[in-house]
Each structure stands twice: as structure tokens, then as C-alpha cells.
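Chemist: Join the two chains into one complex using the hints; note that each chain is given alone, in its own frame.
As you go down the protein sequences, you meet chains A and B in turn. Its first residue numbered 1, the first sequence is counted upward by one per residue in full-length UniProt numbering. Its first residue numbered 1, the second sequence is counted upward by one per residue in full-length UniProt numbering.
If you are wondering where the hints come from, they were derived from the structure by calculation, not from laboratory data. Keep in mind it's a predicted model, so treat the numbers as computed, not measured. Treat the hints with care, since some could be wrong.
Only part of the chain A face toward chain B is listed, based on derived beta-carbon distances under 7 Å [said to hold, decoys possible]:
{"#": "1", "residue": "Ala-235"}
{"#": "2", "residue": "Met-267"}
{"#": "3", "residue": "Asn-271"}
{"#": "4", "residue": "Val-326"}
{"#": "5", "residue": "Ser-335"}
{"#": "6", "residue": "Val-338"}
Glycine residues also receive a C-beta, built at the ideal position from the N, C-alpha and C atoms.
Residue-level listing of the chains:
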Amino acid sequence: MSFDEILVTGDPLIFASQIAIGLTMIGLIALITYLKRWKWLWSEWFTTVDHKKIGIMYIISGVLMFFRGGVDGLLMKAQTSRPGLEVLDAQHYDEIFTTHGVIMILFMAMPLLIGVMNVVVPLQIGARDVAFPKLNALSFWLFFVGAMLFNVSFVLGGSPDAGWTSYFPLAGKEFTPGVGNNYYAIAIQIAGIGTLATGINFVVTILKMRAPGMTWMRMPMFTWTSFITSIIIVAAFPIFTIALLYMTFDRLFGTHFFTVASGGDPMLWLNLFWLWGHPEVYIVVLPAFGMFSEVIATFARKNLFGYKSMVVSVAGIAFLSMLVWVHHFYTMGNSAAVNSIFSLTTMMIAIPTGVKIFNWLFTLRKGRIEFSTSMLWALAFIPCFTIGGVTGVMLAMAAADYQYHNTMFLVAHFHYVLIPGVVFAVFAALYYWWPKMFGFKLNEKIGKWHFWLFVIGFNMTFMPMFFVGLDGMSRRLYTYSESTGWGAWLGFSAIGSLILAAGFAALCYNIYWSFRYAPRDVGSDPWHARTLEWMTASPAPHYNFAVVPEVEQRDDFWHKKKREETGLKKADLKPVHMPNNSWMPIFLASAIGLVGFFLVFEWFTLAIIASVGIVIGLIANSFDYDDGYHIPVDELEEEEREWRGDLK
Amino acid sequence: MSTQKQHRFPWNHVIGFILSIALTLLAVFVAFQTDFSSNVVLWIIGSLAIFQALIQLFLFMHITEGKEGPVNVINMIYSVFLALVIVFGSIWVLTSGHAAM
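In isolation and in its complexed conformation, chain B is listed as follows (with noise of 0.2 Å):
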């Protein structure tokens, strides 16, 4: 590894610091200081979660350096095929059959 590695300031970093802490915050304000129905508030911090997902990826993962294409991909479906199992298959679980509340 080279010692000569520029320290340029890290601009996406603290920009993706923020971002996250400003998106959790307003996820907690609109879960506990409005007054939408649970289903609007469900969507809304639903969103802002798609959201952080994505500044995690550009902002702290460098998704778009590195030249590893197809590795990424395979991770990005990957990832979402978890993400679709892990929300829909617990959905389908807990709301089906005698368990359904």
C-alpha cells in the first residue's frame, strides 16, 4: 500500500453522518409527534428507511468505485432478495392462519 495517500477532507462521510442522524430523527418526529394514521406513518418511516439504505450505499460503501461489477451486483440481488424475504415472509408468517391477530 502507498504511504502517499492524499488525506483529502471526507465531505461524504459527514454528509452521510448527518443525513443519517437528521433521517433517524425525523422518522422518531413523525412516529411519535403527529397525528397520521399508523398505516401513512408506516409508509413514511418506511420510505426515509429506503432512503438511509441508499446513503449507506453511496455515501459510506462507494457503490460506484472499485471495479469489481459483477460482484456487486450478486451482492446488491443478494441483499435484496433477503430484504424481500426477511419483510414479505414475516408479514405472510405472523399474519396468516390462527397466529393472524
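Chain A extracted, bound-state conformation (with noise of 0.2 Å):
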């Protein structure tokens, strides 16, 4: 494709999509450059290597591709809220449905949930920062760069459209001639390294960095959930990595790993896509568990219920999520023996799923629950996310899957899943852990409008798919006709998603309001929480903790709180060692993308100049020997005193 053909030409609502885009950009840069504020973004944000600012990054941009998925998610139910419209054409409704897809769990769920551990991880363990800090901002900035690459797709060269699962042989060159899957290729990529990352990162931050006296259970259930998902990642990641090069080797130079052609076998990618893609929706779903359970608890009142069960189920569910792959591809024809025993291993998952769902039930039980928003999404979750599981069992059974294979009732499935178990758990986790990131809470009234919008909403969107799916509606369908019956049941699920929508602008709104208006004064525990990111200030220091906390037992800050003894002595004061900030993972990451892009186009001379960039970077790292920083006494009992008072 030669420079002059990039821009997509001739959709009206992409050529409106394109001067929105080029207007935000010049109105951002002429905002930055007017408040006088590219100085601060680059020694405060972009070189950051502070694992809350990380952190908080990672949510924003978690938010900002929420958005860009539900407009995908709100055209396509525009499309089929009436028999035989013709709001999208079948090519433009292929390409958003597999934007939609892949954004929503690459670039939403991934970032969002990462963004949190980041923020509470290191925190919750006692620790100052996470093992390898700069590390953790390369992978920010490589999943910042990947899903940006992705995004452009639609106004630069045209989106992929062979759907979030690319399967082999459509994704093939030969039947998706253009750009667009080379996008998917190349974008998830850069962005799945990133992720790779941040799993080794936080394996070893929990392994290495937990606070004297922290055993294995004594680390509270979102540490553990979010140190078995980083086990998850390293263990499944790689598989993707690998299954995404020979798609980049296929669709660029010609190969045939998964093209019929020369022995290839596109099942083979299948197979490859789904030993990543099963673990990859209990990486999304463990941390989203821990959050729960630290909600839950704490605003029951109570310690959680059966703490070890819920560990050794965590372990089971990641145990077993390696070992269930082929149930995403039942209908490819397999032999009996095989479809019969990954029935098996699916249906097992429900047994420790089960136990974690009584687990909280149980928790609850005769605590003193205070309905706050964090709390009403943790309870909103348990029936949700149960009629998820119960339509999981359903398909599982590989005979009974013949019938609901890629119908709508799977589509109804799994957002009955990924909603309530991501989505519901990071809105209950932004509630719950905002006063930490900025000093003040969410506004509640408000947020209880987010809350009943959005619950409404999604039950409205979703439910409604399990019947027409029942009823031989395929997914993907951009058009059907008057006959099928199906027209009472998608417009009401498009009227749902509008109200769905409204809850986004609620909590949207939430945020802006609570910025200007929420009263600063929360306290630094403004949650009666029992962890220990709630002993030190709000927002949370940047070096954390003024004195590592000793800990003696599970819940150790509640049973701190009620000893008082969650004091600071000025005698314990020592200088705190700190990492210093770095310009090398922004300009590896941005090195990174360059190539990537000029990939995506197959202009491999400009390629290779530009990854000149990246030998650059990683040369430059080699020789970076920066040991950081110290924190001097004087200025950590400055910090102190300015929340906690006089110190003893």
C-alpha cells in the first residue's frame, strides 16, 4: 500500500470519525501547550515509573477504550434493532464487531484490571514499589502503543475484520486481503508483551516484596488472585505471542503455518488461540474475584468466609483453566473421547467457582452490610454473574453445544460473564480504592444512578440474546429479516443499551463532578477497610509506607486499628531508597510502535531504519547503571505530619 491510499475514504461516519480525530488532537495539543503543561505531563506522567501513577494511567486509558467499545458495541445494536436496516453494510459491521471484541478484552478489561493491581498491589503487601518499576512502565507503554495502534486501524488502512478470534482460513491473506488483520497481528503483539511484563513483574513482586510477617495466608484475597493471574499470564501469554507471529509470518512473507497450502493447518491456530484465550478470560476474572472479596468483606463487616477454600479454588480454577481449551471448538468435528473429556474439565471449573460464590454468600451472612455503590456492585455480581456460569455449564456439554455453537445465546453467555465479573468488579474497585488514588471518594448519589442505570441496562442489552439464540439466531448477523420473529426481542436489547450507555455517561459525569466538588477531607481510611494499603495516607505517598508495617496475622490493619496501634514512630524513621524516573520505556514503547505501524503496511525498509530506534533503547538500558534515589528523613516526617499530626 503505497502512502497516498492509507486514509480510509468513503464511509461517511468514518470520514466524521477522522475530523473528530484530527479537531481532539489539535484541541489537546493547544490545551497542553496553553496551560503551560507539557513539562509537568513528561517528569510527572510519561517518565513516571511510580506503580500508582502506572497505575492510574492504565485506568484512564482503560476508561477511554470503554468508550471507543461501547460506540462499537451502540452502533451494531443500532444496526439490528430492527429487521433489514442498513445503518452499517455487512464489511462495516464485520469491522466492528471485531474491533468491539478485541477492545473491550484486550484493551478495556486487560487495562482497567491491570491499572488496579498496580495501584493496590504493592500497596496491600507492604511493599514501596513493584519489583522492577521501570519494567512496569514499558509494559504501560507498550500496551498504551499497541491498542493505539489498533486504533487508528479504522481511519488508517481499515480495521480487521475477520472477527476478535481471527480464525484461520478467513484471517488468511488470501480471503482478508488488506491491512486490517495485520493490525490485529502486530497491535496485539506489541500490546501482549507489555502484558507479559507486568505478569513477571507481579509474580515476583509477591514473591519477593510481601512486608515482614506477611505469610502465604496472611496476604489478603485480591494479592492472591492478582499473584495466580500473573502465574496465568506467564504460563499462557507466550502462546499467543507465538500463535501471533506465524499469523505476522503468514500474512507477511508468505508462510503456511496455518494455511492448507504446503501442509499448514488452520485448526492449528484455532487450537493456539484458545490455550491462550481460555486462561486468558481467568486472567481477566481472578483479579476481578479478589476485588469482590476485599468489597465484600469489608463492607460486611466481617472477615471473608473460608479464606483457605477461596485459595485453594483460586489455584484450582487456574489449575484447570489450562486444561479446558477445545470447549471453544467442540463443532470442529473431534472425536468422541476428546469433546467427552474437555466436557469434563469445563464442567469441573463450576465446582470451584461455586465454592468462591458460597464463599461470599457466606461472608455476608449476618454482617452488617452498608449498601455504599462499591458494595451494590459486588452483590449485583452474584446473581449476574451466576446465570453466566449456569449458561456456562449449559454449553459445556459438548453434545448439547452442537445446538448453541455461535449463536447469540453464546454471545448472551459470555457477556454474562465478562460483565459482571470485569466490568461490575472494576466499577466496584474504582469506588472502593478511588480515595486512595486521589484523596476523595466518588460521589455515592451519583454513583447509585450509575449503579441501577447500568445493571438495568445490561440485563435489558443481554437477556434478550439468550432467547433468540435459543431461537437459531447466529452471532455476528448484520441483518435479518421480518419472518424470523426476532425484531420485539433486538429492539428492546438496543433500548438497553442505551440505558447501559447512560450509566457509562453517569459514571463519566461521576468522575467530573467528584473532581471538582467531592470534599477532600476523607481521612486515610475512609472504608473502616481491614488491609493494609488503608495505614498509610490518602492518596497513598510515594513511597508508600514511612516505616514498613510489621504484620502478624490476616486483616493485620483492622486488628491494628482496634489495638491502636497504627501509629508511626518518629525513632523508626529511615531514609527510603526510591527508583528514579526514566525516559527509556516511552521511547523504547514509541520505538516499538514505529516498527509495528511500518509492519502493518509491509514497508519493510522504513522497518528496519526504525527499529534502529529499538537497538537503540535496549543498548542505551544495558549500559543505564542508576541505583535511584534516597528519601531523607527530614522530608518523609515532613509528609507524615501533614496527615497524621504530631508523631509520637
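Modeler: Structure follows, in C-alpha cells:
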């Protein structure tokens, strides 16, 4: 493709987006210049290695991507709201369901969860940062560059259009000749490397950096689920890395890993994709389980019921998650033995998941429940997620799956798993940990609007899909005739999606309102919580803890509060060792993004020239002997006095 | 962390790096430039891959250093288990039933 052909032309919707993107970019640059914030942005955010700031950047990107993915969803709902509509043509519909899926899973769910993990996990284990702060920044920037590369596809060169699963042979060069699927292969690859590095980082952080006295069985549940999630990331993401690499080779260099010509096998793509794809479901849902555990224990004013069985279930889910991948393609026509074995392993996952559901219910039992907004999300999660789980067991039976496979029933099922399991969890986490990030609460009243609109809209949007699915409507169908009788169901669903969107708008308004008007004097522990992150100031100081706490039992902070031992002795203060900011991560990620962009368009000479930037970054990094700096005791004392009053 | 670390020349890494590249090129050579049957080629590059993994473990991942014996053992067992599931699971899934080529 030559330079003058890369702008996508001919579609008024896309043309409007191009103009909007251009104007927004100019507006943002003008605004930052006018406010003289470039230096501040660079030194406080772009080069930061602070896990809390990186977490916040992940969360901001995740919310933006939620908007993008949500608009895709609304367009799909508009197109199918009545029989025979022509809001989008078939090609455009294909592109939109593809980007909706990829963005919602990889660029919305992942960064929101990893963002919360970044903010919370080091604080929860009493550490001052993650194990490799600079690598952490690199992870973020790789994710961000990958997400941006994927997002420009619809205005530059054309979107991927073979579904978020991009099955071969459709996704191969023969049937999808444009650059769209190159974006898929390369943008996800870049973001995926970032995720893999995050996984390694958190495994090491949790293994090595827990506060003294915090044994395995004293770790907060969110730390446990983040740990197990990180292990699954390290186990599963390399499979996708390789699969995407094969895809890139097939598309760019004419190899035949997944095309039947020269002995390749398209089913190998499905096999590798789901070897990663199924664990991926648990990568996004396990941290969410941890978030709910913290929220439920805090607002029921009880310790978590069945802590040990919870840990065992999480580990069990992680183990089983690697053994179920074939249930995504029973219909490839496999032997009875294969399908039976994978039906069994799939149904077995319902056991540890059920254990967790009952643990939450028993934690609630006889608790003094406070209906805060984050608690409402946790309470709504239990029934909604159970619907998703039970329909999952229906789909797990290979024989029955031949009826449900690739129908809207499946679509409804995974939205009932992923929206309560991930989105509700992230909302609960945002309301819960917002004071820890910013020093004020999100407004509870607007929060309730957000909650009710979103939950009602969610159920209205996705419940009808179960019924049209059972009635035979296949997924990814861009139009249907009046005689199918689905019009009423899908019209109802489209109205639901508008309410869902209104719920999201309420969240955005809540963030805006709370930034401007919310009271700033909420103290360090506004929810009377149980875990270590609430022992330090809100927002947490950049060094996290002036003195690393000694942990004596589970929910240590709760017991320390009872014994009034949360104070700080001046004599205990010692200089704190902190890492320096670095320009390396953003530089390296940008260089990789540039190479990726050239590879998408198959401009190999430019790609080779741009890759010099990567080599320079790597070499400079190897000879970087920066050992960080120390915060002197005076400075610590001053900062601690600010929120504690006088020190003992 | 002490700032008094000795900056010894990292011979292990250099040797590992060169060996990794050499083994990869060797695999390419065996696959493209020789006349072995595809079965023999598979066995050769499979063995090279295992050798490659050992290089990673000993020269880059410092498997012999550190005090976390049990953690390392659990890690290794889990990794081997996963590798077996992925390789033999894939072969089984892709060669049984109607999918058999």
C-alpha cells in the first residue's frame, strides 16, 4: 500500500471520525501548550516509574477504550434494532464487531484490571513499588502503543474484520487481503509483550516484596488472585505470542502455518488461540474475584468466610483453566473421546467457582452490611454472574453445544460472565480504591444512578440474546428479515443498550463532579477497611509507607486499629530508597510502535530503519547504572506530619 | 540494595546469546537446506529446542543460584506439565476424529 492510499475513504461515519480525531488532537495539543503542562506531563507522568501513577494511566486508558468499544457496541445494536436496517453495511459491521471484541477484552478489561493491580497490590503487601519499576513503565507504554496502533486502524488502512478470534482461513491473506488483519497481528503482539512483562513483574513482586510477617496465608485475597493471575499470564501469553507471530509470518512473508497449502492447518490457529484464550478468561476474571472479596469483607464488616478454601479454589481454577481450551471448538468435528474429556474438565471448573460464590454469600450472612456503591456492584455481581456461569455449564456439554455453538446464546453467556465478572468488579474497585488514588471519594448519589442504570441496562441488553440465540440466531449476523420474529427482542435489547450507555455516562459525570466538588477531608481510611493499603495516607505518598509495617495476622490493619497501633514512631524513620524516573520505557515503546506501524503496511525498509531506535534503546538501557535515590528522614517526617498530626 | 556490586563481565550472557542465535540458525539450516525426511527434521529441531530451553535456564535464568529451592522445583514441575499439555494436547486434538488429516 502506498502512502497516499492509507486514509480510509468513502464512509461518512468514518469521515466524521477522521475529522473528530484530527480536531481532538489539535485541541489537546493546544490546551496542553496553553496551560504550559508539557513539562509537567513529561516529568510527572510520561517518565514516571511509580506504580500508582502507572496504575492511574492504565485506568484512564481503560476508560477511554471502554468508550471506544462501547460506541462499537451501540452501533451494532443500532444496526440490528429493527429487521432489514442499513445503518452499517456488512463489511463495516464485520469491522465493528471485530474491534469491539478485541478492544473490550484486551484494551479495556486488561488495562483496567492491571491498573487496579498496579495501584493496590504493592500497597496491600506493604511494598514501596513493584519489583521492576522501569519494566512496569515499559509494560504500560507497550500496552498503550499497541492499543493506539489498533485504534487508528479504522481511519488508516482499514480495520481488521475477521472477528476478535480471527480464525483461519478467513484471517489469512487469501481471504482478507487488506492491512486490517496485519493490525490485529501486530498491535496485539506489542500490547501482549507488555502484559507478559506485567505478569513476570507481579509474580516477583508478590514472591519477594511482602512486608515482614506477611506469610502466604496472611495475604489479602486480592493479592492472592493477582498472584495467581500473574502466573496464568506467564503460562498462557507466550502461546498467543507464538500464534500471532505465525499469523504475522503467514500474512507478511507468505509462510503456511495456518493455510492448507503446503501442509499448514487452520485448526492449529484455533487450537493455539484458545490455549491462550481460555486462560485469558481467568486472567480477567480472577483479579475481579479478589476485588469483590475485599469489597464484600469490608462492607459486611466481617472477615472473608473460608479464606483457605478461597485460595485453594483460585489455584484450582488456574490449574483447570489450562485444560479446557477445546470447549471453544467442539464443532470442529473431533472424536468423542476428546469432546467428552474437555466437557468434563470444563464442568469441573464450576466446582471451585461455586465454592467462591458460597464463600461470598456466607461472608454476607449475619454481616452488618453497608450498601455503599461499591458494595452494590458486588451484590449485583453474584446473581448476574451466576446466570453467566450456569449457562456456561450448559455450553460445556459437547453434545448440547452443537445446538448453541456460535449462536447469540453464546454471546449472551459470555457477556453475562465478563460484564458482571470484570466490569462490575472494576466499578466496585474504582469506587472503593478511588480515595486511595486521589484522596477523595466518588459521589455516592451519582454512583447509585450509575449502578442502577448500568445494571438494568445490562440485563435488558443481554437477556434477550439468550432467547434469540435459542431461536437460532447466529452471532455476527448483520441483518435479519421480519419473518424471523426477532425484531421485538432485538429492539428491546437496543433500548437496553442505550440505558447501559447512560450508566457509563453517569460514571463519567461522577468522575468530573467528584474532581470538582467532592470533599477532600475523607481521611486515610474512609471505609473502615481491613487491609494494609489503608494504613498509609490517601492519596498514598510516593514512597507508600514511611515505615514498612510488621504483619502479625490476616487482616492485620483491622486488628492494629482495634489495638490502636497504627501510629508512627519518629525513631523508626529511616531514609527510603526509591527508583528514579526514566525516559527509556516511553522511548522504547514508541520505537516498537513505529516499527509495528511500518510492518502493518509491509513497508519493510522503513521498518528496518525504525528498528535502529529499538536497538539504541536496548543498548542504552543495558549501560544504565542508575541506582535511584534516597528520601531523607526530614522529608518523610514532614510528609507524614501533614496527615497524621504529630508523631510519637 | 548495595551500590558496591561488582560489575563483572557477563560471560554467561554473552555465551548464552551466541549459542541461542547459533542454535536457531542451525534449526533453520536443518529445515531448509538438508534432505532429511520431515520426521528426522522434526526430531532434530525438537532436540535443538530442548537444548535451547536448557541454555535459557542455566545461562540467563540462574537456576543454580538463589535460595528458593522449593519454589523453583514447583515452577519447573508446573512448566513441564504445561509444556506436555500444550504439545501432546495439541497433537491429540488435531489428529483425532474428523479433524485428522
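Chemist: Hint by hint, work out which the structure violates, then give me just those numbers in ascending order.
Modeler: none
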